[in-house]
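For this one, chain A is given, so just place chain B on it according to the hints.
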Amino acid sequence: MRHLIKILKKDVPFEKPFFVNLAGEPGVIIFRENNSFRVLKNVCPHMGGFFTSKDYCSRQKKMTCPWHAYEFSLSTLQLEKNPSVDEWIAKLVSSDSHYLKPRKMKLVELPFVEEKEVLWLKLGFHEV
Amino acid sequence: MKYNFQASYLIDAAQSLVVGAYLDCEHYYYLHDEAIQHCEILDYSPTHIRWNQIWRIFNFKIGHTLTTKYIPPATFINEKIQAFPIWLPSIHHIIKVESRSDFYYWDEKTTLSLFTVDIDMPWYVYPFRKILKYLILRFKILIDLEDVAMLARKTYLFGSKSVFHLLHKDQFILFKDEFVKSFGGTNPPLRPPPELQNNNYEHITEIKKPYIKKFMKTRYRELSGLR
Numbered sequence: 001m002r003h004l005i006k007i008l009k010k011d012v013p014f015e016k017p018f019f020v021n022l023a024g025e026p027g028v029i030i031f032r033e034n035n036s037f038r039v040l041k042n043v044c045p046h047m048g049g050f051f052t053s054k055d056y057c058s059r060q061k062k063m064t065c066p067w068h069a070y071e072f073s074l075s076t077l078q079l080e081k082n083p084s085v086d087e088w089i090a091k092l093v094s095s096d097s098h099y100l101k102p103r104k105m106k107l108v109e110l111p112f113v114e115e116k117e118v119l120w121l122k123l124g125f126h127e128v
Numbered sequence: 129m130k131y132n133f134q135a136s137y138l139i140d141a142a143q144s145l146v147v148g149a150y151l152d153c154e155h156y157y158y159l160h161d162e163a164i165q166h167c168e169i170l171d172y173s174p175t176h177i178r179w180n181q182i183w184r185i186f187n188f189k190i191g192h193t194l195t196t197k198y199i200p201p202a203t204f205i206n207e208k209i210q211a212f213p214i215w216l217p218s219i220h221h222i223i224k225v226e227s228r229s230d231f232y233y234w235d236e237k238t239t240l241s242l243f244t245v246d247i248d249m250p251w252y253v254y255p256f257r258k259i260l261k262y263l264i265l266r267f268k269i270l271i272d273l274e275d276v277a278m279l280a281r282k283t284y285l286f287g288s289k290s291v292f293h294l295l296h297k298d299q300f301i302l303f304k305d306e307f308v309k310s311f312g313g314t315n316p317p318l319r320p321p322p323e324l325q326n327n328n329y330e331h332i333t334e335i336k337k338p339y340i341k342k343f344m345k346t347r348y349r350e351l352s353g354l355r
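Protein sequences, first through last, are from chains A and B.
Be aware that the first sequence starts at 1, since it is given in this note's numbering, and climbs by one per residue.
Be aware that the second sequence starts at 129, since it is given in this note's numbering, and climbs by one per residue.
Think of the hints as simulated: they come from the structure by calculation, not from any bench.
C-beta atoms are modelled at their ideal positions from N, C-alpha and C, and glycine is treated no differently.
No false leads were slipped in.
Using C-beta positions, here's what the derived DEER-type ranges look like:
| hint | chain 1 | residue 1 | chain 2 | residue 2 | range |
| --- | --- | --- | --- | --- | --- |
| 1 | A | R2 | B | R349 | 18 to 28 Å |
| 2 | B | H293 | A | T76 | 20 to 30 Å |
| 3 | B | K336 | A | F37 | 37 to 47 Å |
| 4 | B | N206 | A | K54 | 27 to 37 Å |
| 5 | A | S95 | B | E168 | 10 to 20 Å |
| 6 | A | K61 | B | G287 | 26 to 36 Å |
| 7 | B | E330 | A | F37 | 43 to 53 Å |
| 8 | A | R2 | B | F256 | 55 to 65 Å |
| 9 | A | I5 | B | F186 | 45 to 55 Å |
| 10 | B | D248 | A | C57 | 41 to 51 Å |
Only chain A is shown next, with the shape it has when bound in the complex (with noise of 0.2 Å):
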């Protein structure tokens, strides 16, 4: 199922993230700097989690997945910290282990099509 979603970019709050959620569908986050929009997959990259707006931190700009509190940077998208490397990986395995290196993974960014006043997004499953 394919869906042309039209948001109102007066809707979309200036430094927080805006959730879409659609039934049947991962949904997305639409951020707004100054004029700018940015829209992400609302799917962790990790194992899939969901964010919600008690996920994002304001401050340092990140959202932290809720499942395993993975850190995202929402400048560079990468995942910044995984806590558990250090609370819990760390003291049960050698220091030359693997699970200790940083895992390379990036929240998913998705294109849209800007116009004066709206933003129109095209989302299937598929492509989410």
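What follows is chain B alone, placed relative to chain A:
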């Protein structure tokens, strides 16, 4: 005096995912932070872990120490539970609790969870056994429901065979070698014994208990983005 009880219910996720969620320690004290605030590892071997589950109250660390054993492919035993710190006045000084969780293959997308608890208690605690049962079951079911919410989302996004996340070479889980042996190939799943096969079981999300209904209306939706 001995008291034991069992609870069984169906979980809407593949057996490999349910067992994997138990072993996926990275999420314990984040997703389940209301139940487990912190953990300290005391001993770790290929099939058992001795650890403290800790709550912080007024800067003190209190909790309990336990041993969790993994019996591949899908059985877990929690035993040798003691108060932590050992001098702490705790119910663990007067009762002895052991629990066993068996996760049986029901169908490709469903797992039967059988939770068995044995309690050895003095006579003066025996009248309160039903309260103990309620508290233990509530604790177990609410933790399971948080996992169920996440597994529902994972299954929805990646399918019922999405165990590949846990098998990934960079993903740490407890007892990974044993888990890979059990679920990384074509081994037959652990099926329920014949006496359990013909019963009607409720799905965990549909059990008629107030705390489950409340969870489903609030936290389930918040965690999974579904419903």
